[in-house]
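Now for the letters of each chain:
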Amino acid sequence: MLIKKPSDIRPSEITSETNYINRRDFIRAGAIAGGSLIAPGAISAVIPDSRLAKLSNISASPFSTDEAPNSFEDISTYNNYYEFGLGKDDPVVYAEDFKTRPWTIEVSGEAEKTGTFDFDDFMKPFDLEERIYRMRCVEAWSMVIPWVGISLAEVVKHFRPTSKAQYVAFETLKDRDQMPGVRGRSLDWPYREGLTIAEATNPLPILAVGIYGNVIPNQNGAPIRLVVPWKYGFKGIKSIVKIRFMSTRPKNSWNMAIPREYGFYANVNPTVSHPRWSQARERRIGAGIFASKQETLMFNGYGEHVAHLYKDLDLRRNY
Amino acid sequence: MNTIQQIRFIWKPIVFLLCLSPALFVLGDAFGITGQLSANPVEDILDRFGNWALRFIMITLAVTPLRRLSSWNWLPRFRRMLGLFTFFYAFMHFLTWFVLDRELRLEDVLEDLTERPFITLGFTAIVLLTALAITSFTAIRRRMGPRWQTLHKLAYAVGLLGVWHYWWQVKKDITEPLIYAVILSVLLGVRYFWHLKRKKPGWRRPPR
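Chains as they are written, first to last, in numbering that gives the first Met the number 0: chain F, 0 to 318; chain R, 0 to 207.
No lab work stands behind these hints, which were simulated from the structure alone.
Check each hint, because a few of them may be wrong.
What the hints assert, rightly or not - The calculated SDA-like cross-link candidates involving lysine to any residue, where the alpha carbons are at most 20 Å apart (straight line), are:
| hint | chain 1 | residue 1 | chain 2 | residue 2 |
| --- | --- | --- | --- | --- |
| 1 | F | Lys156 | F | Arg184 |
| 2 | R | Lys170 | F | Glu260 |
| 3 | R | Lys171 | F | Phe263 |
| 4 | R | Lys170 | F | Gly86 |
| 5 | F | Lys53 | F | Pro145 |
| 6 | F | Lys123 | F | Glu111 |
Claimed, not checked - Okay, the calculated bits of chain R under chain F, using three or more residues with CB under 8 Å as the criterion:
| hint | segment |
| --- | --- |
| 7 | 38-44 |
| 8 | 104-113 |
| 9 | 162-170 |
Unchecked claim - Stretch-level coverage of chain F by chain R, calculated; a stretch enters the list once three of its residues show a Cβ under 8 Å from a Cβ in chain R:
| hint | segment |
| --- | --- |
| 10 | 71-80 |
| 11 | 84-90 |
| 12 | 283-295 |
Backbone N, C-alpha and C define an ideal beta-carbon position, used for all residues, glycine too.
The shape of chain F in the complex, shown without the other chains (with noise of 0.2 Å):
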């Protein structure tokens, strides 16, 4: 596959607005053909069992941000995983040893097949794509991330939620031995997450199992996370043994830990300030020091395939 690289001239500059447009639109249907061509479980996703291994067979995705991505080192050296320490440079040194095999997910709930599967026959159903998201931290900070992983929507479809499976819930693994930062009563573990069942079936979520074309590094939340790009990183979920279809809302570990400060839905939202900060602007990493920070966009830019999702909803309240 091609992984594109950082370059100083963005696609949007050379080609006019229009074709830019149309070639999207192009892409786009371009892509729901082939999806309809190819024979459900035509691309199994393999995932090597070895670290930062090459991963085959990955399609480009219509979702893709033109920005240009932020280099490994940022993504892979500077984020917040709290089973490996609360530092942003925790996760890289504490996570170096974390053994993602045998790793195994129990799907259960609301769904007519559930089960736990190990990590491998997971993922044969589904496709790798590439999906270039922005990624808006609650904290103010952003990047640009090149993900790995398979639709989040077609991994709920397989599993054929019933009519009373309103949300679906998530859980990280909690394990002491290996996740030192659980030993603390940072968080009350093991961390959890949630989306309505419309957000998950939404065409954006993905769960991610690779960075720039390799098998995702173990302090990006390895063997598979969450990735919700109009959602504030917390909502990203890593490292998932746990996946259950619930009728009731689940709860999700920041908002037990501070609810007045996070909330369920947790969407990007620059007119919603967080208790202590401004969320109007944000600070691209990698940008430099003297870079000026740049206004955050309504649900991070992905208002277009979202916003419906909240038009009954006062987002005000339900931050």
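Starting from the known structure of chain F, arrange chain R on it as the hints suggest.
Frame of chain F, contents of chain R only:
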């Protein structure tokens, strides 16, 4: 050389350089000479200056209790320098916030000052520290007489405001603010203890 000369010409320059070195390391890391800043360099610089400001207010407030316990009577000769370094690091922390983080946007700064209590606390500490720094010159100190001592008791308030500011700023992990809070409680606690002891009947102020 007598002791006072030794302090002035040997020890003060050494302590000065030691106190300055954290700032030199921030500068060195920013230019990739002594190390590297994190992927979020502005936050990194902000944190480091802020942390050093807190460490220096603790060190400064430790001078009196340490002298009393150890009878190292030369110790207070370093107090002004330590206090001015507290001001220096706090001010660098403020400047980093104002210039690099808030990007000199006055409306953003005003919103922060009025709507985010932890910033109000931090800013108050900066204002107090500025007053203490300005009045630290010997000439001003002499002119102020006994009011100087009263004014400089605000150093305790600066310590409280600083720790409180940090406590309210952290997302979840209060370990570090808690450590500062414990140190500050000890430093203020011994003063209060001595203050009570001094008030006890039967104790008389020794003749001056």
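Cross-check of the supplied hints:
At roughly 36 Å between alpha-carbon atoms, Lys156 (chain F) and Arg184 (chain F) are farther apart than 20 Å, so this suggested pair is violated. A distance of roughly 10 Å separates the Cα atoms of Lys170 (chain R) and Glu260 (chain F); the hinted pair therefore holds under the 20 Å criterion. Pair hint Lys171 (chain R) plus Phe263 (chain F) holds up; C-alpha atoms about 18 Å apart against a cutoff of 20 Å. Only pairs whose Cα atoms come within 20 Å are accepted, and Lys170 (chain R) paired with Gly86 (chain F) is accepted, the gap being roughly 11 Å.
With a C-alpha separation of about 14 Å, the suggested pair Lys53 (chain F) and Pro145 (chain F) falls inside the 20 Å cut-off, and the hint holds. With a C-alpha separation of about 19 Å, the suggested pair Lys123 (chain F) and Glu111 (chain F) falls inside the 20 Å cut-off, and the hint holds. With 6 residues having a Cβ less than 8 Å from any Cβ of chain F, the segment 38-44 of chain R passes the three-residue criterion, so the hint holds. Remark: the segment 104-113 of chain R is confirmed as covered by chain F, as 3 of its residues place a Cβ nearer than 8 Å to a Cβ of that chain, reaching the required three.
For the segment 162-170 of chain R, the assignment as covered by chain F holds, since 3 residues bring a beta-carbon within under 8 Å of that chain's beta-carbons and 3 suffice. Remark: the segment 71-80 of chain F is confirmed as covered by chain R, as 4 of its residues place a Cβ nearer than 8 Å to a Cβ of that chain, reaching the required three. Counting residues of the segment 84-90 of chain F whose CB lies closer than 8 Å to any CB of chain R gives 3, which reaches the minimum of 3, so the coverage claim holds. Counting residues of the segment 283-295 of chain F whose beta-carbon sits less than 8 Å from any beta-carbon of chain R gives 7, enough to reach three: the coverage restraint holds.
Comparing the model with each numbered hint stated earlier shows that hint 1 is the single one that does not hold.
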